[in-house]
Each structure stands twice: as structure tokens, then as C-alpha cells.
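Colleague: Letter by letter, the chains look like this.
Protein chains: 2
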Amino acid sequence: MSGEDAPAQQQNAEEQKNQETKKPAEEPKAETKPDSPPASAATEAAAAPAAAEKAPEEEAFTYRSLVLTGYGGYDKVKLQVKKGKPALKAGEVMVRVKMCGLNFADLMARQGLYDRLPSPPVTPGMECSGIIEAVGEEVTDRKVGDKVLALSRSGMWQEVVVVPTTHTFIMPEGMSFEEAAALPVNYITAYMMLFDFGHLRPNQSVLVHMAAGGVGIAATQMCRTVKDVTVFGTASASKHEVITEGGVTHAIDYRTKDYVEEVRKISPKGLDIVLDPLGGSDTHKGYNLLKPMGKLISYGAANMLSGQKKNLIAVAKTWYHQFSVHSLSLIQGNRSVCGFHLGYLDTETELIAQAMDSILGLYRQGKVKPRIDSTFHLEQVGDAMRKMQERNNIGKIVLTTEPMKEEEKKEEAKKDDKKDDKKKDDKKKDDKKKEEGKKEEKKKEEGKKEEKKEEKKEEKKEEKKEEKKEEKKEEKKEEAKKAEN
Amino acid sequence: MSGEDAPAQQQNAEEQKNQETKKPAEEPKAETKPDSPPASAATEAAAAPAAAEKAPEEEAFTYRSLVLTGYGGYDKVKLQVKKGKPALKAGEVMVRVKMCGLNFADLMARQGLYDRLPSPPVTPGMECSGIIEAVGEEVTDRKVGDKVLALSRSGMWQEVVVVPTTHTFIMPEGMSFEEAAALPVNYITAYMMLFDFGHLRPNQSVLVHMAAGGVGIAATQMCRTVKDVTVFGTASASKHEVITEGGVTHAIDYRTKDYVEEVRKISPKGLDIVLDPLGGSDTHKGYNLLKPMGKLISYGAANMLSGQKKNLIAVAKTWYHQFSVHSLSLIQGNRSVCGFHLGYLDTETELIAQAMDSILGLYRQGKVKPRIDSTFHLEQVGDAMRKMQERNNIGKIVLTTEPMKEEEKKEEAKKDDKKDDKKKDDKKKDDKKKEEGKKEEKKKEEGKKEEKKEEKKEEKKEEKKEEKKEEKKEEKKEEAKKAEN
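If you read the sequences in order, they're chains A and B. In terms of my numbering, the first sequence has 462 at position 462, counting the first letter as 1, and numbering is strictly consecutive. In terms of my numbering, the second sequence has 232 at position 232, counting the first letter as 1, and numbering is strictly consecutive.
One thing to keep in mind: the hints can contain errors.
Said to hold, decoys possible - With the Cβ distance kept under 8 Å, some of the chain A side facing chain B (calculated, not the full set):
#1 M94
#2 M293
#3 C338
#4 M356
Derived by calculation from the structure, the hints in this document are not laboratory data. Ideal placement from N, C-alpha and C gives every residue a C-beta, glycine not left out.
Required output: the full structure, derived from the provided sequences and hints.
Modeller: Okay, structure coming up:
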């Protein structure tokens, strides 16, 4: 897709907008935002040149962009059309985006749980692939036409992005745009966790949660680059075949089995490395599974995500169970606890470049290769996010900037009729999950051998208050629903 | 020294015992303990064969041993003579000890602050060097006459030790017994911290506290095996020349300067690795000095040691300021916090063997070489411990099992006359230190940005109670002293 297509896109988008007024659907519909400044992904604050100063051709420059309009459900991410050519500063490049990667942080961000995304309205997205369309002054190592993958704190979910050249990496030969968009966040995360913090060596053992997710698959592949590493991977049973083929030694169905017990059965002494994307009580479990000289690497709080909107109970529970450790406990156990999140590492261009060099090297040697679960159009970002949140993916979910074909749109419109029912189902599912979550959490009182009982009591009081509020709300909702039926 | 010397030693020891009744001195005097079971360092519980069953030659087998008789000051470690040949189990070897290493844990243990030493009476000591005198059944990789260095949880400060063969390592050619006794604990500690937890790489920066101590010098040498590593080393000014020659890039006098400021001046972004043997508020400072992807490695609580006897205020202060961290804080900082102590790793023979192999390899290549500060006779263990505790050493302090010559003893006896005065001085010094410590700690209120204020208040109350008790005690002592003068 080239710049010339843009006006047509805008037209399509406007059509969509007209539709939108009739029937609000989950997928974001493109909205023209002629007054919104052109987005410069890396320089949020960069003021756009006033429209009056622009040359006519720049004036006509438009591109579609996904915009988070406020915190909430999947429908808060809307497709809009931005107008005006983004300004290029020295050292920056403009990329015509082909594919964008979806990450857990994007889901957290939509619910207002990720502080590295600027306040809405803002374009989310931490990674993309595409072709360089323009280079700023002082750029010597990139040229127009270069195929690159790009990484940024936010702003990657749109057709055109502007980033410092240091945030782009030349795609190796043979790499698809899907792979290039799927690679940066997951593989840098897996690489830095396992090889910098983890110092993974032959014969060691690693626990990989959500082993069928983007980081899970990347981590499993990274483990396979080291001799005789045993990988314990959690995933629902239906994904076991795929993750086992991908390199997981022992697949564990966390929905039907206690993964701590399963690990102990096979490895009574415990593990060398635990990668923990879950947070809350799972961090305690991971810590207790460590061997001497073992490393727990915490890189998320996926347990906070329950349902499409912010679930205060899930958030409070995750906080309540949040892991903390004293240095003397670490000394007596000869253990290490690490925290990792690429979103807080965005200024460390050198560290990231080093990791990326190694990863691209492994890709060229055929040792790692992103697994694409599915590709969605920008218009379908809601479905894409839903699939990830409900953990129905095996591998990476990517968004393509390729516009939907007319016949696809008609298909989608038909589906939309079923959407209202689906939404109701979702609501029920969410409520059910909350209920289940509550019951489950009551059972989970392990991992609290840590001191600070006083502190916890305090937290508990606050949490209970929130819980009560939430329960009241839910009761009201339930009543409202019953009244409808 | 061979087995034949033992009876002579016993005689000398008995002479000393007679002297002891007249004038209690700081140095431990040998005491015959005919009823005490022969010490088997590795198997504390191994029952000695009943004397009646012993062959006459075994009956005559005696050896000198340092024994911690109770928790307290330097005089709690006494030289005794043990009788009866230690029993050798399958897989064990008996070593005729030449030299023993002194470690910080030994000082902590004497004060009752180290839970890995069995209760007194017990022979302390975690490392020694010597010659294999007998091998048990099933030992194929060691033979009588092998020069070895040995490592154990305790029991190494005596002329004869029995350890599993896996706890011994053949001394490389050219290594002296002093070096061999100085190497195990300090170099394994430095190696595992820097290369396993720390994953030290070229161009990184490391903070080494107590850079003139045993671990400090070992860590500095290890850093020098990696290209372009910057070492910040703290030590009092008089030691700067030596540690700079040894590889410290920036020597910092922690007594006159704020090391945090000094580090920031040179490395505003902070450090990649902080090795923290101090504990308390220094752990917080170290954590705050970390760069993204930085690692804090805590391996002791030397701040607890103040004066020769357990100082409840210092202990409480160190506990009060003890570092604890939440996983979300680690995630947002991309940081790692590790704890290391070899004493809790004694069953991990494979890990230790791997580290030792690498270290002995580095020794053979001339890349690491223990620096011996001084050698003391077993009789002088009190002086040795004092030197270490007062941080007057540069490098390792070792004990030799070589008996003191008659003229040396006479010299010592003369010194003893001055000992009573010295003791009084010590008392004054200790009291002064406590006072200074109190004042200093009041100033140190940084690093407490951690949550858990509730908890801290609780701790504070308890601490204050102890402080008051301690103050009252001290006041009484002060008065008593004034009355004497």
C-alpha cells in the first residue's frame, strides 16, 4: 500500500463513519479527524506545522490510524483518518507501515492499566514493520525503500509512523512483514530475560507460562538455542500439541492441574528460571519453585486482566497478592528476583540494539521464527484484542494496514448483526469470570508466608470496600438484565 | 607438621592450660579435651568409635582444634586438643591441615549471628588447605599425599579434618598453602555473584564495597578478566594505592565521602552491578544506583557487626533498614535483586565444583591470585579476628597450623601484659562506635521510599525498646568505668 491510496481510504473511512451513526458495532470505524495533528510516534509533543503553512500536496496527505479514545472495552480503539504529512526531524525516518504487532501491554493500556501509554486520545502499538518512505536530515544508515521493523513506546498502529532511525532495524532477507511485526517486543523480552537476567545455560530448567502466547513461543525457541534445556510450558490442553512441537518439554494444562505439583513431580528440586507474566499469587509460587541460584523473572501482571473492561477485583487481588521479598530471604535462598518490561526500557537504545542484533542473527540461522496466529485488518482490531485477551491464540496476532476488500466488509456487516448477541454473551462471560475469580482467589491463600501481615490487613480492608462496591454494581446489572429478558 | 608432632603439642597445650588459670588472656589456650569426640568436619553427627574399641595407636592420635565455646567476644574461640583418630566413611578423605581461611561469616558466627554454624561447642571455619593423609572406601580420585584445598560448612579450623572428597580440590602447581586456604570462599563468592547472577559483560560498571577485603579483592580480579569493566571500590584512604594497583578504577574513601555521590559524579546513569556485603540502608543505596537491567547482589550484613560482641543496636538497625522490594517496582525499573551466601549453598556440590574449576583455570592463567594480608598461628586467632573486624587487613587473613616457636610464645606473653590495657581500649572503642553508629543512623533516613510504613512503625517500637535497654546498660558501664578511674 502506497501513499496514493490514502484518499480512497479516507473515502472508505467516511462511508464507515456514516454507517457507524446507525449502528454502533465493536469494530472501530474510521473517523476523519482533520484537526488532529499528524502523529509522530516517537515525538508525541512535536507540534505539527500549521495547516496554512503546508504545501497543497502535504495538505492532501492522509493516513488511517487506530486511536484509543478513552479507557474501556474493545470499542474504545477507533479507526480514524489523520491528515497532514508528519514532520521529520533530524535522525528520524518515516515508515509506510505494513503490519503491526499486538501485545499484552496494549490490552492493559486500553483498560488504563499501563502507565507508559500517554493519555487518550492516543495511538497505541509498540511495534510494526514496513518500508521507509522518507528520511530526515543526518540519516545515513537508512534509505527510502528499506524494509524495516520498528519499535516504539506507542503510536505504531497506523499506516504511517515517524521514528528515530535507532528504533528501526533492517529486516533480514526472507523475513515476511508479518514476522517482522511479530518479532521485536516478544523476542527482545524473551532474549533479555533468559540471557541477561536469567543467564540460561545447558542442562537448566525453565518455566514458561502462557507458552502458546507471543513471549511464550519466543522464550521456548530461545531455550532451544541452548543445549539440553528443559522447558515446562503452561497452556490449555488444546494447545499442547503445537507447543510441544515448538520445543516445550513438559506441557501443563494449568486449567485442570496444579502446575506447581506437576513441576515438582518431574523436577523435585525445582527450577533454574521462572518467567512470570502473571503476577499476584503466581509470583509467590514461582519464587518457591526456584532452586538455589534460581532466578524469578517477573514481566507482567496478566492476572489483572479479567474481562474486557478494568476489573477492580482482579486488579485489587493482583495487588494484594503482589510479591515482595526481603534481601535476607534472597541471601538464605541464594535466589534472584528480576523485573522486566520493555516499555520502561525505551530509552536504552544501545541495549535494545544489542539484543536485536543477536535475535536477527538467530533468525538468519533459522533458530528462531515468529509463529503468526492470525492477521486482522485495522478495522478488526476489536476482534484481534478479544482473541488475545481470551487466550484463543497460538502465537502472535498481527494487524495489517491492507484495507478490507468490499466483499469482506459485507461479510463483516452480516457478522455485525450477530454482534449484539455476542456482546450479551460477553457480558455474561465476564460476570461469570468475576464470580469464578472470586471463588478461586478465596482458595488461593498460599504464597503468603511473607511477613507484613499488618500491611496486608490494611490492603484487605480497602480491597473489601472495592469488592462491595463492585458486587453492588454487579447485582444492579444482573437485575437490569433480568428485567430485559 | 606431621602426625608425630601431636603428643608434643598436647604437652605444650597442657602447659598453656596451667598458665591460663593464672592469667586469662585473649588468645585461646590449648585445652585437652580427652572426652570430646574426634571432629568430623562434614559429619558433625558421626559418632566416634568407643575408646575401648580403639587400637592403641588410634588412642594416641591427637590434634589441635579451635573451638567456639559460646557466643561472644574474641576469647570465645579456644584452642583445644582433640583425641582419637576421626572415623572415615566411604567417599571421605582425611586432610592434615596446613592453613585455614578467615571469613566474615566466622565473625558473625562467633556473635551468634550466623545460623549455618551448629551450636557451640563447635569448630568454626569454612575453608582450609593441606595434604591428604587417609582416604575412605570408594575414593578413587584422591590419594594420600595429594595437596588439596577444602571447603565445608564448618569445622575447618583444626589440624585434621575429614570431608567428602567432593569438597576437596587438587591444588594447582605453584599454588602455596596460604593461597589455597585463601581462595575457596572468597573466589567462589565473587565468581558466582559476578558471572552467574551478575552476568558481567564488557564495558559494564561494578561497585565493590570493602574492596580491600577478601571478597573485594577477588571480585576486583574477576572484573579484570572481562574487557573494559569499570570498578568502583570503597575502602579507607590508606588502602587506595593497593586496591588501585589491584584493578579498582575509582577508589572511594567511604569514611570521608558519600559513595553514592562519588559514583554519580563519574557515572551519572548509575551502575550495572552492585555487590553489597553491608546490608541495611546500604542495600537501598545500592538499589537506587542501578541502571536499567542492573543487578544488586546482596551477600551479607556486615553492618550488623559493630564491636566484638553482638551489638543489639547495630543488629536492630540493620534489620530495620533491611531492604525489601515489590515485583512491580522491579518491573518498572528493569532491575534484578539477588541474594548470595555460600554457607547456604553447601549441598550444591556440582554448582560449586563448576565454579571452582573455572576459578582454578583462571589461577593457572595467572588472571586471579589471592592476596594474603597476614598469617596467624592458631593460638592467635583472637588477634586475627580482631584485625578483620576492625578492617585493618588488605586481602586475606589466614591461620597456620604450624605451632608457635618458643621464642614467639615468650614475645606473645610480653604482649599479654599489655592486653588488659588493650581490652579496656577495646571497650572504649566499642562504646564510642555504638554512639557514633547511633548518631549516624539517625541521619540515614534515605532509601526508605519503600511502602510498608505501618510495618516499619511496628519494628521501630521494638527497636526503640531495645535501644533504651542498651542505653541504660551503657550508662551503667560508663559510670562503672568512671568509678574505676
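Colleague: Can you verify the interface hint for M94/A: is its Cβ closer than 8 Å to any Cβ in chain B?
Modeller: violated (28 Å)
Colleague: Tell me if C338/A is really an interface residue toward chain B, meaning its C-beta lies closer than 8 Å to one of theirs.
Modeller: Constraint on C338/A satisfied, holds at 4 Å.
Colleague: With a cut-off of 8 Å, does the beta carbon of M293/A approach a beta carbon of chain B closely enough for the hint to hold?
Modeller: holds (6 Å)
Colleague: Does M356/A meet its interface restraint, that is, does its C-beta lie within less than 8 Å of any C-beta in chain B?
Modeller: violated (15 Å)
When held up to the earlier numbered hints, the structure conflicts with 1, 4 and fits the remainder.
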